[in-house]
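If you want the building blocks of each chain, they are given just below.
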Amino acid sequence: MSLRARLDLARPGFRLAVELEAPQRGVCALHGPSGAGKSTVLRCLAGLEPAARGRIDLGDRCWQDSARHHFLPAHRREIGYVFQDANLFPHLPVRGNLEYGMARVPIPHRRVFWDQVVELFGVGPLLARMPAGLSGGERQRVAMARAVLSSPRLLLMDEPLAALDTRSKAEILPYLERLGKELTIPMVYVSHALDEVLRLADHLILMEGGRTLDAGVPGTLLARHDPGAGDEDAGMVLEARIGAHDDTYHLSRLDFSGGTLWVARRESVMGQLVRVRILARDVSLVLTPHTDSSILNRLQAVVVEASPAHHPAQLRVRLDVDGTPLLASITRRSWDHLDLAPGRRVWAQVKSVAVL
Amino acid sequence: MMSLGTEDGVAILLTLKLAGLVTVLLLIVGTPLAWWLAHTRSAWKGPVGAVVALPLVLPPTVLGFYMLLAMGPAGPVGRMTQALGFGLLPFTFTGLVIASLLYSLPFVVQPLQAAFASLGNAPLEAAATLRAGPVDRFFTVVLPLTRPGFLTATVLGFTHTVGEFGVVLMMGGNIPGQTRVISVQIYDHVEAMEYARAHGLAAAMVIFSFLVLALLYRRQRPALL
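Chain order of the listed sequences is H and E. Just remember that this note's numbering sits 561 ahead of the position in the first sequence, which is counted from 1. For the second sequence, counting from 1, position 15 maps to 10 in this note's numbering; every step adds exactly one.
Just so you know, the hints here were simulated from the structure itself, not pulled from any lab data. Every residue gets a Cβ at the ideal spot worked out from N, C-alpha and C, and that includes glycine. Check before you lean on any hint, since a few could be wrong.
In silico contact screen, one side only, chain H against chain E (beta carbon under 10 Å); selected entries [to be verified]:
1. Arg604
2. Leu609
3. His636
4. Tyr642
5. Asn648
6. Leu649
7. Gly662
8. Met663
9. Ala704
10. Ala708
11. Pro713
Can you build the whole structure from these sequences, using the hints too?
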């Protein structure tokens, strides 16, 4: 039941022309700077942009095919849509909001159940309250539960965390993760926040200026592109398993195909899969392994190529750590001083590792 | 001294019947029209909006005069109604209803249009993504969220029709039980120097209008006017 879409929408000063494909399971994230057209893609998928032309298929169902003048209106596409600002019905209490979509799905077609969803999003205590009296985080939880209760075949999330403060975000993220794990509803998740995307996404589509730049597995994709605005955010993501805990120094060892990384102790069970992010600016290169350095993590790598960074003094070096891509940001002067070239073996010193 | 005779009673009943019927018809016709005006990007929005608003600025006699011409034996509407076997509309209750519809149209359409415009698209889009079709959306989302607009439209449409005079005189004349509404009855009393009877009706009108508007303004700030 994969999602396939080809969309074309012209607006004054903006043109959206994308082709995208999302796998049938898990979370597909649309990421890019604001104005890239991410939300517009989502609105087109939902059928909220009647002017959009193109074709949309979800599995064997065709939602739109402009060539055949076929356009299924939003209420007949089996979607759940979570808006950036929750968009709850102000005249209905939380219970009424939750029941609105569910009541419109015939009982034999319901695939999720009230108790399960109310428990999953922790909205039980809110049922009698009116939307105006809820906090931002509570509102967004109700909005997600409302969308899920309509038994959608596809969940569309339009920056559901963007309007929330850091605390509410931290409150909601676990619900989103559970959503992906406990209910097998495929999701398209729009966000310009890289940390959210990296934490949630199984598949990533990068967008810019109304077009798709690239698509693929988040880790490799981000190593290939400068995501977001520029140098500050450049980096890559890799998946690793918790291999050991060190109680003396309060560290945990993460194992991945290219080696091991030590991070501050995680309260996770051994063998659990975690995602870590390493920023290019936190990676420096040396020719011999320094044992007299305070830097804990050293990985043996091969230089793949160097490309110019935003500042002329800097270079972005792509490395290969036994099959895992890694980015380093070094100065042009260091490049020449160390006599680096593609194919050269180096040691990558990793100053910090963010566990997502 | 104030007093109400049976003729006055007939005029009051006729007025209420006229205003009630006109209000119901206006809500039926005015709702889609207001919806279209609030959402269209058509070039016709300006002209149609202006036509709807014309009764706000024109003297009622001008409106009544042209409606009389149009519905008269030589007018286009008159010829049509005669050809269809309905006869002529001026000086009938039906003619009065039609004239009142036009006359009170802006008082119903404008509050509704303002309410629909301020509602915006967001709640409708949320409802659409939750499987609600257009009619479903109207009754479960639009209607409850624009209830103050509907209340204003109903009250203003009704009271304004009760208070009309110029259009009635031009179009309906002064036929007891047919077209002689309260405002015309008061005029008749004054012409006949029966000030006491005029007082009875006029005071009743003042009190009625005051009470209705006081109720409306206590509940809310009206969407318009």
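Problem set entry | Index of numbered hints that the structure contradicts, given in increasing order | Going through the list in order, the structure violates no hint and respects every one.
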